[in-house]
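Build the full structure now, drawing on both the sequences and the hints.
Protein chains in written order, with my numbering: chain Z, 1 to 305; chain R, 1 to 296.
By construction, these hints were calculated from the structure, which means they are not laboratory data.
Some hints here could point you the wrong way.
Simulated coverage check for chain R against chain Z, where a stretch passes if three residues somewhere in it have a Cβ under 8 Å from a Cβ of chain Z [as the list claims (entries may be wrong)]: (1) 123-137; (2) 272-282.
According to the in silico footprint, chain Z covers these stretches of chain R (three or more CB under 8 Å from chain Z) [what the hints assert, rightly or not]: (3) 36-46; (4) 51-61; (5) 90-98; (6) 204-212; (7) 221-233; (8) 254-264.
All values derive from a computational prediction rather than experimental measurement.
We put the CB at the ideal spot given by N, CA and C, even for glycine.
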Amino acid sequence: MSGSAQSYHAHAHTSNSTTNSTSNNDNSSGKTMRRLGSASMFLFLILAAVVTLFPIYMALLNSVKTQGEMLTNILALPTTLEFGNYADAFRKTDYMRSLWNTVVVAAVGLAGIILFASMAGYKLSRTPGKLSSFLFGLFVMSTLIPFHSIMITLVRISSDMGLQGSAVGLGLLYIGLGVAVAIFLYHGFVKSVPKELDEAAVIDGCGEFKLYFVVILPLLLPITATIAILNMLWMWNDFLLPLLILTDFKSYTLLLSTNMLFGEYNNDWSAILASLVLAMLPVIVLYLLLQKYILHGISEGAIKS
Amino acid sequence: MMTTRTRKLKPSAMLLLFVLPALAFYCAFTLAPAIGGIWYSLTDWNGLNPAYRMVGFSNYVEAMGDRFFLKSLWFTFKFVAFMLVLQNAIAILLALFIEAMGRSRVWFRTIFFMPNMLSLIIGGFMWMFIFTRVFPYLADQTGWLLLDESWIGDPKYSFFSILALSLWGGVGYLMVIYIAALQGVPKTLKEAASIDGAGAFTLFRHVTLPMIYPALTIGVFLTLNSSFKVFDAVYSLTGGGPGRSTQVIAINIFEEAFSFSNRYGYASAKAMILFGIVMIITIIQLAVMKRREVRA
Numbered sequence: 001m002s003g004s005a006q007s008y009h010a011h012a013h014t015s016n017s018t019t020n021s022t023s024n025n026d027n028s029s030g031k032t033m034r035r036l037g038s039a040s041m042f043l044f045l046i047l048a049a050v051v052t053l054f055p056i057y058m059a060l061l062n063s064v065k066t067q068g069e070m071l072t073n074i075l076a077l078p079t080t081l082e083f084g085n086y087a088d089a090f091r092k093t094d095y096m097r098s099l100w101n102t103v104v105v106a107a108v109g110l111a112g113i114i115l116f117a118s119m120a121g122y123k124l125s126r127t128p129g130k131l132s133s134f135l136f137g138l139f140v141m142s143t144l145i146p147f148h149s150i151m152i153t154l155v156r157i158s159s160d161m162g163l164q165g166s167a168v169g170l171g172l173l174y175i176g177l178g179v180a181v182a183i184f185l186y187h188g189f190v191k192s193v194p195k196e197l198d199e200a201a202v203i204d205g206c207g208e209f210k211l212y213f214v215v216i217l218p219l220l221l222p223i224t225a226t227i228a229i230l231n232m233l234w235m236w237n238d239f240l241l242p243l244l245i246l247t248d249f250k251s252y253t254l255l256l257s258t259n260m261l262f263g264e265y266n267n268d269w270s271a272i273l274a275s276l277v278l279a280m281l282p283v284i285v286l287y288l289l290l291q292k293y294i295l296h297g298i299s300e301g302a303i304k305s
Numbered sequence: 001m002m003t004t005r006t007r008k009l010k011p012s013a014m015l016l017l018f019v020l021p022a023l024a025f026y027c028a029f030t031l032a033p034a035i036g037g038i039w040y041s042l043t044d045w046n047g048l049n050p051a052y053r054m055v056g057f058s059n060y061v062e063a064m065g066d067r068f069f070l071k072s073l074w075f076t077f078k079f080v081a082f083m084l085v086l087q088n089a090i091a092i093l094l095a096l097f098i099e100a101m102g103r104s105r106v107w108f109r110t111i112f113f114m115p116n117m118l119s120l121i122i123g124g125f126m127w128m129f130i131f132t133r134v135f136p137y138l139a140d141q142t143g144w145l146l147l148d149e150s151w152i153g154d155p156k157y158s159f160f161s162i163l164a165l166s167l168w169g170g171v172g173y174l175m176v177i178y179i180a181a182l183q184g185v186p187k188t189l190k191e192a193a194s195i196d197g198a199g200a201f202t203l204f205r206h207v208t209l210p211m212i213y214p215a216l217t218i219g220v221f222l223t224l225n226s227s228f229k230v231f232d233a234v235y236s237l238t239g240g241g242p243g244r245s246t247q248v249i250a251i252n253i254f255e256e257a258f259s260f261s262n263r264y265g266y267a268s269a270k271a272m273i274l275f276g277i278v279m280i281i282t283i284i285q286l287a288v289m290k291r292r293e294v295r296a
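Now the structure itself:
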């Protein structure tokens, strides 16, 4: 369809211009060239997709094989399904508890970041003056500091405050690490919310906090979704901070218990691969369900910050 | 008189009330550790002993003569250079090709972005399986000697294993950004150029690329920012080894502080050097790209 439309354009062009004698020639070969190009692009994408999925496929495939079968043919489909690997991994990583810990960390962090950052971002955006821009600058300033430059002292502070070894404690740390970027995003978004709304509500005798919770917060939903997705992904997949903060097995997140299993059973690939699949599962399911929002949130967040 | 005063006071008091919770968390877990990091980098604090002395800039001087730290700097710079070119080039290529597809584009986008959803710890262990189990098997079957190299154990090759893992995990993110940018390029512009006889490459070089320049700025910025701080990919594949041959800056700092010596003060100085490098490069990059953007 688009090919014929283009050739129509090109044709119209040549008939109009008297000087271009070669372009007719170009056009007929250009069409086949374009088709060839499109086919080779498709082929390239297929190849890239195979490479991308290969490790995940191999992990899935070999997670249901016995160790012996894996050794004889690593690429073949399994002859019998060995779900014992999964039972093994489930037990060794204490899967349900690790999953629960991960959820707690992300929930505490997310709730704090969204609530506190939206409050601050909203008020900072609405209030003019030196104090407001100073505070905003204070938050924005830190976005360039690499995590490694603060981690050593952060570990010290969190152990002094008794947050070490607790999933809730880790969630609290994430609030402090995550609010700055979220405030920046809220600050920009609030500018698009008409000020007249605030004034009308105040005239109606609405208090400041009621105004924020009842009128403003629901209007911030689009940017809240973006912020929630970005922070959720970050906290769910972060490894270094949990490694430093969650010091005992009881508080391990999914990544930490998977890492531990990998370290302890270095050559038992059946159990390791099963644990990798188990660790991936929640994320992949969520991704396939919410893909549209996630991809939108990612590009939105990247462009705005 | 009274009313005007309360009115004047109220906005800033309200402001503080709204900002306070965020500010408290931010000060405790970002600002204080950052300032603490600068402070401790000037001391000989070892983490175990509560007492420490000020040692001035001697930690910084020592770091500049620390063979392993300098090696990790060099390794990181090499990694960043490769990532900068490859990650952006591959992401743009994928975005261009996907945008040229019909109905299959949704599938491709879903697949290429998927690794980005996973932690590079998980991804690293999966690739470890590929490098140490699948590759030797394939080498046996096909006789390709390249597959039989020590992709994890030999630093000459494991650099590329780390690179491959990082690209696998990172390309999809940039691809999404480039796709969004490409969708913003007006169709009429491309059509006009192809009517004028522009080939695919000329079209890209003179029409598409200038139009997606802002996205390229973001892509370069994000790549620089993440690859200087690379940790997970190295930790899961080689752990910095064998020996210290594949250590990146972040691993070197991590080990200095938490594994080998507990020299918190010295490790803090290294962390500040990393901060300085990231700052300088970001500023240079933003200045250069902004200038080119204006010209384009």
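Identify every previously stated hint that the structure contradicts and give their numbers, smallest first.
-> 4, 6
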